[in-house]
Amino acid sequence: MQKNKNLTNKLKTFTCAFAFCIFAGGAFATDWPQQIENLNEIFTYFTNQRGGAFASGLVFYQNEQIVAAEDGEVIINLKESQNSCMFDSPLGNSIVTVNSDNLMSVYGNLAQPGDSSRQALKEGDALGESGNSGWHKPDAGLEYQIADCQSKTLINPLILLPAKGDYPHFVLKNLIVVNKNGYSYRLGSTKNIPAGTYSLYFEQTEHQPPFRMAVLLNGKEIENITYNMLKKNGSQLTVDGKSNYYYSTIFPGQNRQLLANVTLNRGKALLVVQSMDLKGNERNFSYSVDVN
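When you number the sequence shown by the working numbering, it's gap-free, plus one each residue, and the end is 292.
Honestly, I wouldn't trust all of these hints.
Said to hold, decoys possible - Subject to a maximum C-alpha distance of 20 angstroms in a straight line, what follows is the list of computed EDC-like cross-link-like pairs (lysine to aspartate or glutamate):
#1 191 with 290
#2 122 with 41
#3 180 with 223
#4 152 with 240
#5 232 with 148
#6 173 with 282
#7 79 with 41
#8 220 with 240
#9 164 with 277
#10 231 with 148
#11 164 with 240
What the hints contain is simulated information worked out from the structure, not anything from laboratory work.
Treat the numbers as computed from the prediction; the structure is a model and nothing was measured.
When you get a sec, could you build the whole thing from the sequences and use the hints?
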């Protein structure tokens, strides 16, 4: 009992110090906390834009009955009226559990506070209904996160949840390169581009983001950004690539999302953009330009 108490105190202290972060391993699996037919019932995907930051979990559509996705010890039972240093955004009524591997599950935006006398949950235990206790859009329901604060990372819950049909094909469109002076060239319609250093972007959408994006220049990989994990970097979350990229770098505005920073030298340039879904299916998009 004393061991469990010490673990709880340690986890609470760590969580407040580092804000909320999520599991990065592959051995942990969980069930759906809310019954859905397909992925169209997800309101916000992991790493989507959300209030000027990366979405750090899944937000479901509508208010539904919520169950525990796995066994765990209840370490935090947060009420709507409480403030906490743990969370990057108010989650309203929330329950946080930790399993035997010190991996956390977060159930936010619940209609009613959890039972404060409840010290443990079994997979499938009822948690009540999702509601509008958190700072969410009207149609949003449960916010579900998974955490391992020891690694200070967040992971896409879709990696750990059972598959729900096919994942939507990622559509890449309207690629542009932008130089340091802000001048842009649209790939596909522009065949001649001055030599120089550019940022390569595509048009961002509200749909499920890619799980991985890689860019090759003349056959050599110059960037590989993954969207299955978020790391805590100072007070902000970052995605991994050749560098740790902050939200403002990935989403600089004007409906753009970063693919890579690229230096184009004079001659022929072949840019290949690769997108990969959760099942490892890869799609390639090629663009050829003359650099002068």
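Verification of the supplied hints:
1. Under the criterion of a C-alpha separation no larger than 20 angstroms, the hint pairing residue 191 with residue 290 is consistent with the structure, at around 6 angstroms.
2. Using a Cα cut-off of 20 angstroms, the hinted pair residue 122 and residue 41 is violated, with the two alpha carbons roughly 25 angstroms apart.
3. The hinted pair formed by residue 180 and residue 223 meets the criterion: a straight-line CA distance of about 19 angstroms does not exceed 20 angstroms.
4. Taking the CA atoms of residue 152 and residue 240, the gap is near 13 angstroms; set against the 20 angstroms cutoff, the hint holds.
5. Among the hinted pairs, residue 232 with residue 148 is consistent with the structure: their alpha-carbon atoms are about 11 angstroms apart, no more than 20 angstroms.
6. Proposed proximity of residue 173 and residue 282 is supported: the alpha carbons are some 16 angstroms apart, at most 20 angstroms.
7. Distance restraint check for residue 79 and residue 41: the Cα-Cα separation of roughly 26 angstroms exceeds the 20 angstroms cut-off, and the hinted pair is therefore not satisfied.
8. Between the alpha carbons of residue 220 and residue 240 the distance comes to roughly 19 angstroms, so the proposed pair stays at or under 20 angstroms and holds.
9. This hinted pair checks out: residue 164 and residue 277 have alpha carbons roughly 14 angstroms apart, not beyond 20 angstroms.
10. As the CA atoms of residue 231 and residue 148 are separated by approximately 11 angstroms, the hinted pair is consistent with the 20 angstroms bound.
11. Of the supplied pair hints, the one linking residue 164 and residue 240 is violated, its CA atoms being roughly 26 angstroms apart against a limit of 20 angstroms.
Comparing the model with each earlier hint shows violations of hints 2, 7 and 11; every other hint is respected.
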